Amino acid sequence: MADKIFGNRALLAKVERTYGTDPTPDATNDSMITSNLSITPYGGNTVQIANDQGFHGARKSFTTGAMVTVSFDINLAGSSAAGTVPVYEVLFKSCGLSDETIVASTSVTYAPVSNGETSITMYVNLDGVQHIVTGARGTFSLSMGRSAMPTISFTYTGIYNTPTDVALPTLVTTGWVDPVAINNDNTPTATLDSYDMIMDQFTMDFGSNVVYRNLVNQENVIISGREVTGSAHIGMPTVAAKSLYALVESHSGVTLGALTFSHGTTAANIVGITCPTTQVTSMSYDDSDGVAMCNLGFSMLPTSAGDDEIAYALT
Numbered sequence: 125m126a127d128k129i130f131g132n133r134a135l136l137a138k139v140e141r142t143y144g145t146d147p148t149p150d151a152t153n154d155s156m157i158t159s160n161l162s163i164t165p166y167g168g169n170t171v172q173i174a175n176d177q178g179f180h181g182a183r184k185s186f187t188t189g190a191m192v193t194v195s196f197d198i199n200l201a202g203s204s205a206a207g208t209v210p211v212y213e214v215l216f217k218s219c220g221l222s223d224e225t226i227v228a229s230t231s232v233t234y235a236p237v238s239n240g241e242t243s244i245t246m247y248v249n250l251d252g253v254q255h256i257v258t259g260a261r262g263t264f265s266l267s268m269g270r271s272a273m274p275t276i277s278f279t280y281t282g283i284y285n286t287p288t289d290v291a292l293p294t295l296v297t298t299g300w301v302d303p304v305a306i307n308n309d310n311t312p313t314a315t316l317d318s319y320d321m322i323m324d325q326f327t328m329d330f331g332s333n334v335v336y337r338n339l340v341n342q343e344n345v346i347i348s349g350r351e352v353t354g355s356a357h358i359g360m361p362t363v364a365a366k367s368l369y370a371l372v373e374s375h376s377g378v379t380l381g382a383l384t385f386s387h388g389t390t391a392a393n394i395v396g397i398t399c400p401t402t403q404v405t406s407m408s409y410d411d412s413d414g415v416a417m418c419n420l421g422f423s424m425l426p427t428s429a430g431d432d433e434i435a436y437a438l439t
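Numbering (this note's numbering), first residue to last: 125 to 439.
Calculated directly from the structure, the hints in this document are not laboratory data. The structure displayed is predicted, hence computed values, not measured ones. Be aware that one or more of the hints could be misleading.
Computed beta-carbon distance windows for the label pairs [stated by the list, open to error]: (1) Asn239 - Ser159: 28 to 38 Å; (2) Arg270 - Met407: 13 to 23 Å; (3) Asn160 - Gly207: 24 to 34 Å.
The C-beta atom is built at its ideal place from N, Cα and C for all residues, glycine as well.
Please construct the entire structure, taking both the sequences and the accompanying hints into account.
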C-alpha cells in the first residue's frame, strides 16, 4: 500500500436543502481553494462505564455523540465580477451571515443573522480517503497584516459519517480571485471614528458560538450566539490628532465610533468592512521598528435594530 501524502487534500462544500442531508457536492461547482486544511475525523463527549472490578485497569469508553471539526483558511478577495456573489459564499452563510444584498454590476453585501443559519455538507478528502461532514455550521475570523496576504480562517463543526475510499477530486478554480497584499497602495481605507489609522495589523473574529447537540430524535449543530470582536495595531497619534483615550475610557460612559476598512482598488476585487457602532475595549503600547504603536481591542456592537454590527461588502 502506498503512503498517503498529507499535502494531497481537497475540500468541497455545498448548501443543504434539508438539514443534515448530503446534497452531493461536486468538484465542478463546489470546489473550495484552501490552505491549512485540517480535520479531526472523529470526536465528541465520551463516558466511561465505571463498573467495579477487583483489579486495576481502564474501563471502556463510549462516545455519546459523534462529531467532526474542520478548519482551513481561504484568501480574502473579491468575486469574479462586481455585483456577483463570490464562490465562497456558502462558507459565509453557514457561519451566520445573511442572504446577500445585491446591487447589479456594483456590489454584494452580507450582514449577520440571529436565526435560520444555512448548513452545508463538506467533503474533506485526504489523499483518497473521503470524510463526509453533514449539517456543518461554523465561525470565522479575518487577519490582515502589513506586507502579507489577507486571509479568512474558518472553523466548522459537523455530524460524523464513516469515511470511505474515494479518489482525490481535481478542484476547479473558476471564479476564485487572487488576493492582493495589505499595503499603502492596495488598502486605501482604515478609519476609526473618522480617524485615518496608520495600521500595521487588523483582525476580526465573527465569534459565533457553535454547538453540537445529540438528543433523542434530534442531532444537529446550532449557532446559539455571536459576539464580534477585533483588534488593530496602529501608529500612536497625538491627542490633538485623535484622542484614543476618549474612545477607550468607559468609567463614566461609553463612546462608540464607526470602524471602516477597504482593501483592493480594482473593481470585483474590493473588500469592504463596516462596523458602525464599535467600542474600543482595551489599549496598550508597544513598538514596531522602533516606532511607538497602540494595540487596540474592539467590540462591534449591534444597534437596537439588531444584526447590524458588521457589514461585509464586495465591490
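*If you check each hint against the structure, which ones fail?*
none
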